[in-house]
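> Using the sequences and the accompanying hints, generate a full structural model.
Now for the letters of each chain:
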Amino acid sequence: MNILADILTSVGMWEAVLRIATPLILGTLGVLLCERVGVLNLGIEGIMTFGAMLGWLAVYNGADLWTGMIVAALGGAAFGLLHALLTVPLGLSQHVTGLGITLFASSFSYYVFRLAVPTASSPPTIEPFRPLEIPVLSDIPFLGPVIFNQTAPTYLALVLVVAIAWGLNRTPLGLAIRMAGENPHAVDAQGIDPIWLRIGTIMAGSALMGLAGAFLTLAAFNSFFPTMVQGRGWICVALVVFASWKPARALLGALLFAFFDAFQLRLQTVVEGVPYQLFLMLPYLLSIVALIVMARRARVPQALMRPYRRGER
Amino acid sequence: MTRVLDLSNITKRFGHVTANEDVSLHLEKGEIVALLGENGAGKTTLMSILFGHYTADEGEVRVNGTPLPPGKSRAAIRAGVGMVHQHFALAPNLTVLENVMTGTESLWSLRSNRSAGRAKLVALSEKFGLKVDPDARVSDLSVGECQRVEILKALYNDARILILDEPTAVLTAQEAESLFATLRQMTADGLSLIFISHKLHEVMSASDRVVVLRRGSVVAERATGETSKEELAELMVGRKVERPKRPPATPGKVLLEGLDLTLSGKGGASLHGVSFRLRAGETLGIIGVSGNGQTTLAGLVSGLYPPDAGTLLIDGRAVTTHDVPHAIAAGIGRIPEDRNAEGTIGDMTTWENTVLERIWSPEFSSRGMVRRAAARAATDQIIDRYDVRGASADGRIRLLSGGNMQKLILGRVLEAGPDILVAAQPSRGLDEGAIAGVHERLLEARGRGAGVLLISEDLDEVIGLSDRIRAIVNGRLSPAIPADRANAQLLGLMMAGDWSAAAEIEAETQMPEHKKAETEDAL
Amino acid sequence: MRFERRDHPSRVLTVLAPVGAIVAALLVSGLLIALAGANPIRAYGLILKGAFGSRLGLSEMLTRATPLILTGLAAAVAFRARLWNIGGEGQFYLGALGVTAFGMIPAVAAMPAGVVIPLSMAAGAVAGMILLLVPLGLRLKFGVDEVVTTLLLNFVAVLFVSLMIDGVMKDPLAFGWPQSVPVPDSAVLPKLMDRTRLHVGLLIAAAMAVVVWWLQSRTVFGIRARAAGLNPRAAAFAGVPLGTTLIAVACLSGGLAGLAGAIEVMGVKGYVTTDLSPNYGYSGIVIAMLANLNPIGVIGAALFSAIMFVGADSMSRALSIPSYIADVTVALSLLTMLVALFLAQYRIRR
Amino acid sequence: ATPLKVAGIHASPVENTWNSVLHAAMLAAHEDGSIEYTFSEGVSGTDYPRVMREYAEAGNALIVGESYAVEREARSVAGDYADTAFLMGSSGEAAGDNFGVFGTWNWEAAYLCGMLAGAMTETGTVGSVGAIPIPEVNMLINGFADGVKATNPDAKHLVSFIGTFFDPPKAREAGLAQIDSGADILFGERIGTADAAKERGIKAVGSMIDYTPRYPETVFANALWSFRPLLDAAVADAAAGTPTGKNYTPLSLMKDGGNDISYVEGAAPAEAVAKMEEVRAAIMAGEFEVPRNFDEPK
Ligand SMILES: Nc1ncnc2c1ncn2[C@@H]1O[C@H](COP(=O)(O)OP(=O)(O)OP(=O)(O)O)[C@@H](O)[C@H]1O
Ligand SMILES: Nc1ncnc2c1ncn2[C@@H]1O[C@H](COP(=O)(O)OP(=O)(O)OP(=O)(O)O)[C@@H](O)[C@H]1O
Ligand SMILES: [Mg+2]
Ligand SMILES: [Mg+2]
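Protein chains in written order, with the numbering used here: chain A, 75 to 387; chain B, 849 to 1371; chain C, 492 to 841; chain D, 884 to 1181.
Some hints here could point you the wrong way.
Here are the simulated SDA-like pairs of lysine to any residue, each with C-alpha atoms no more than 20 Å apart in a straight line [claimed, not checked]:
id	chain 1	residue 1	chain 2	residue 2
1	B	Lys-1101	B	Gly-1129
2	B	Lys-1101	B	Arg-1127
3	C	Lys-682	D	Asp-963
4	C	Lys-661	A	Val-348
5	D	Lys-1181	A	Ile-77
6	C	Lys-661	D	Pro-1180
7	C	Lys-661	D	Phe-1177
8	D	Lys-1181	A	Val-348
9	D	Lys-1181	A	Pro-349
10	C	Lys-632	A	Arg-384
11	B	Lys-877	B	Arg-851
12	C	Lys-661	C	Phe-651
13	C	Lys-661	D	Asp-963
14	B	Lys-968	B	Leu-955
15	A	Lys-320	B	Ser-987
16	B	Lys-920	A	Gly-265
17	B	Lys-975	B	Leu-955
18	B	Lys-920	A	Arg-384
19	A	Lys-320	B	Arg-985
20	D	Lys-1039	A	Ile-77
For each label pair, taking beta carbons as the anchor points, the in silico distance ranges come out as [unchecked claim]:
id	chain 1	residue 1	chain 2	residue 2	range
21	A	Thr-199	C	Gly-658	35 to 45 Å
22	A	Ile-366	C	Gly-658	26 to 36 Å
23	D	Pro-1174	A	Gly-305	34 to 44 Å
Hint data in this document are derived by calculation from the structure and do not stem from the laboratory.
Keep in mind the model is a prediction, meaning the values are calculated, not measured.
Heads up, the beta-carbon is just placed ideally off N, CA and C, and yes, glycines get one too.
Structure, rendered in structure tokens:
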């Protein structure tokens, strides 16, 4: 018990939670935007990989870190555009296209990476984002180092949660996006083309996925290598349901997931005899439990996964 | 008079279907034009072109003399055209205010001005007597309220020309009346209206001018004062239509009996101790305001769910297994309330839709294998006998118009020769010609000795077809009155829950049900 | 511009579309090959040579197509009934684990191959079924969306496999590596060509495709499953028992994915590891779609995907370009094929 | 002589440390003209036997790779291609005339690193981050732990496994977790561990390759492993036509130059270094044997 208390009260643990959560927050916001406008985006796993690769490659070739982030976002948006073109005007099946994008974007990233960095004997590195100690605030006991001693993209992610929550709930554009996810006929009837609205929103959401990937190579670590996204994208897809499509809850979900991850890593060092696989399973199983609990309450965007073609019966 | 709207020479094709051909239509300021036509005549298409939802293949739309760019709803809205769609264009999980405000502000502004929006909405809703709660979630609203939201949406966009596509199809008589009162108030305010309806009495009472479409073309235009229901019906269908007359009934034995049926509705209205009897060769009409339990009652009798308490007897035997195959096997034919959502599966073929509910019968399958040839033959026969136009056994049923879909459903039900027919809203959304056809089939079934349970919101229909009429209110059934004693006022009272007059009539016209049962037993 | 569905897709287009898709995919991957400094034209030749040019290539291509046919069928069956089973990958692994666990039962060793092989396959199929019945149960009971739960269960399944092959099912003779004990020799599927990996699983997979086609197009179950998927409310009104129909669909779908895993173990690998599947489950979903959910079409789509992969993989070695080009080519051709099939069914109008 | 055609098949991307050691050795041999090297990376278990066959059919004289996860199939492939020599990382035995094996035995160097770490820890806690508890990883971590015990019998040793062979960010998180639990020196069996140490300003030990240039302030010692002696031996055998079906592992031993410690001068206390050098000399001379323990470390 004492050990558990030690883990739970250590600054390092909570700092790790926020750090592990960052790509999940960004990715979840990305999926959330896409789903809010009515399109499932299972391309996230591949788009994150591409963002991770492209952002890293830019920085490796001399760009500064923020340029790397922007390049990653643009790369994400480009794949978002591809997903959008296939699923919105063409109305192709969203799961299948998403999986196709994931297969394509990840293998494409590995290929391009290998062309750009042909024979590396250990992963070449860049100088990543350093934790930014925010003066004064980071001196607050416990909370200070946990929250105010993170890298800049983590702050960006937190700001984005607020911005997207505001954007969706308080701006005309957000209203239109939500309506397109509920009933595209309705936005169309109000004179807004749901096709363009969907395409734009998916691109924005995918840009966030690109950022989520870039966080892995530009802040969480300092190099790119194949398979590094390791299913984080799929977790984001689950977190959106967990969050009932609300940005603030997405933050909560990402933190919870990160908590389990950070906790199991620390528990492993002190508790013996429990297979590590059980710890690794925990977050997934808990997500499923959370889905069961949330299912009754969740307000699914009603047009999710329903393609909209004007004038089709 | 100033001309506010001009559609000239509109032609629109979908594949090889010509939905509109060389249609011209105009509208004066302050005028109400009714657009009339059979199912599939092209009314919605025409209005969709006007609203910029579809692009016409040929022709032009002018508002106040200025041509509208084709295919741009936004331009139509800016020009002051508002449309209330046949199928509501509302987002169920958003509030009324959100639904109304979407698209009305610059998309790039950083803040939506809700208080101004709310003020405008409240003002409009007060001015035109369209009461709705701005903060209610649309999914919690009734159809009538949704209708109001749709109209408010158009008004919020400062519409000067309002198009209403079958606004009353799902409204009750009272709601429809108050809607027309509102519409008249709008014309007084300088708005101009086009509405589509299949209900001729509405057309006669509410419009200034009538335009009749048939097979995509304008076949007639009349000032309302100079025409009659009969003439309009004939113009629409191209031949004389008359609703068939009900011959006197010769009721036989009790086929279907409900005893104290109780069912708590999950997500719908409940039934509380409902008892009724249906005899061979008679039609029992059940009227009521929607949301009072009609759907639940129809579903219960159709075998969709079992009662919580009470007994259903078919041919004197209590039903023990309440499911669809048993209901059908026991001789119940079912006409569903919503043919698109419940009656057919749009992406399946006509033959699959025809045989699905009886796929278990040896006629259509043996040892788990579908007898496809038999199923196709049966379908072809129905298409032929029931004149289902545009259908082929292997075509997707989605492509059929409402009336033809209903004919197919009637065919698949009646060909099985049911003893009991449960018909829920059998002519909802259908045109005069189609309605006459449906009524004829229902009377035919009754004539050959079937018992018909007719559940409908259309009073004319109920009076025209039923032998006895009961109202359903809050899940309870009123006393039964004979159809020849029925009139709009009495039925209105019954639907409102005032049953004293009905009880008197029941007592005076026939023995109460329980006494009658005793005499029967004695015989 | 908009798209309008053709009521009767033209036959010419239906044939031409896939050809166009392959050409488009090859053009783009040719660009990428050129980027690596190799000659694309030569690469195309090498792709064909890799998949068809030798006994080895041909047998490897067919070996790879085998599990893809089964996972493709698994997805096609489920998607027809609108059961969004994204969990083929996990079901594949559990099927593989199931067959191995069955082989560990002492009595099995004594049985003849003629008994062990069918029973083993059944064990794998049942394991796959169970994994899909869980999310289906959650959907029917609590209304939990199965897209996400089946997806998540993939990870749980792989971790579970890892747990088992690290624990009770670990092969004591595997030098401590996390791998399961091998299936008994009597459960090993006979080879179709010797000195290759091609085994009779291919024939079993093809037979399953025919069985599924028959079930879907000729039986009451097939028509009901489709009805339940397309419009549950109308299907219920027509008396289709929604719950049992979906359960049957889930058993079929999960069973096929499980069977894929079982056959891969019995025919190719002999034991289970956590890298048994190079995304067979996920690829199955795209393959099902390419086949327009038609079971016979799944065979063609799986062969296509296997040709692309084995051919491009071998080409990458011949040209010394990054071997990831194989996955790129496959993924690209899947995407272009989806678009082409769409365009064959729709016409573009102003 | 024409260079020998050698193909490398890497189950992981070549950035993975273990593979990178093989890759680097073969690249170097390619550069100096002794072999002609082609390779495939990220080859999954399913594809591995096919790639072996393809390279064999393409006329390669020697195929180098890892058969850990595909032991049975690899041997059956070798059986089918008797004219091709195979040199496979394996925990098993050699087979036939042409299936040679080798192990990664740098546990001696790990022991020496452990000796330094034991002397240097201030908190009395050190940590190791490993991939999966397989014998060769276990042996390494146990070697390190034994070294620590040799100089600091009371020291606590934390062990984490990340469950995969290549996930640097995860190894980093695991390292951070150990630091939070009090470790002040980390043994990074996996790449990524040293990043955690660097971030928190503590020291780390590298494994297999020299991590010091990558983390100059952080990694003060490395348990180096060299593949070149093994490769050269196998190439020589293959070229000469002598059977390669033998165990090349002994060439990994310290006394044969297969593994050794490298350390930053002045990082560890002089007497600790001296003590370590003493043991090192004893190993070289064959006077001291570092215990070899394949069991999962606790
Ligand atoms: N998108 C479409 N694709 C193919 N055919 C169409 C389409 N839209 C309409 N049609 C056909 O065009 C004709 C006119 O349809 P429209 O909906 O305008 O008529 P309607 O009078 O509103 O009929 P209903 O009352 O049945 O809705 C019908 O035959 C219909 O089947
Ligand atoms: N006990 C029940 N179990 C399952 N579904 C039910 C139950 N009761 C009602 N429903 C369903 O709920 C929906 C609404 O039924 P409801 O009884 O409110 O209809 P209604 O009163 O006739 O109103 P309306 O005329 O608007 O349909 C229908 O789809 C019906 O099938
Ligand atoms: Mg109509
Ligand atoms: Mg219409």
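> Run every hint past the structure and note whether it holds.
Comparing the hints with the structure gives:
no.: 1; hint: Lys-1101/B x Gly-1129/B; verdict: holds, 9 Å
no.: 2; hint: Lys-1101/B x Arg-1127/B; verdict: holds, 5 Å
no.: 3; hint: Lys-682/C x Asp-963/D; verdict: holds, 15 Å
no.: 4; hint: Lys-661/C x Val-348/A; verdict: holds, 16 Å
no.: 5; hint: Lys-1181/D x Ile-77/A; verdict: holds, 17 Å
no.: 6; hint: Lys-661/C x Pro-1180/D; verdict: holds, 18 Å
no.: 7; hint: Lys-661/C x Phe-1177/D; verdict: holds, 16 Å
no.: 8; hint: Lys-1181/D x Val-348/A; verdict: holds, 12 Å
no.: 9; hint: Lys-1181/D x Pro-349/A; verdict: holds, 12 Å
no.: 10; hint: Lys-632/C x Arg-384/A; verdict: violated, 35 Å
no.: 11; hint: Lys-877/B x Arg-851/B; verdict: holds, 6 Å
no.: 12; hint: Lys-661/C x Phe-651/C; verdict: holds, 13 Å
no.: 13; hint: Lys-661/C x Asp-963/D; verdict: violated, 28 Å
no.: 14; hint: Lys-968/B x Leu-955/B; verdict: holds, 19 Å
no.: 15; hint: Lys-320/A x Ser-987/B; verdict: holds, 19 Å
no.: 16; hint: Lys-920/B x Gly-265/A; verdict: holds, 7 Å
no.: 17; hint: Lys-975/B x Leu-955/B; verdict: violated, 28 Å
no.: 18; hint: Lys-920/B x Arg-384/A; verdict: holds, 12 Å
no.: 19; hint: Lys-320/A x Arg-985/B; verdict: holds, 17 Å
no.: 20; hint: Lys-1039/D x Ile-77/A; verdict: holds, 15 Å
no.: 21; hint: Thr-199/A x Gly-658/C: 35 to 45 Å; verdict: holds, 37 Å
no.: 22; hint: Ile-366/A x Gly-658/C: 26 to 36 Å; verdict: holds, 28 Å
no.: 23; hint: Pro-1174/D x Gly-305/A: 34 to 44 Å; verdict: holds, 38 Å
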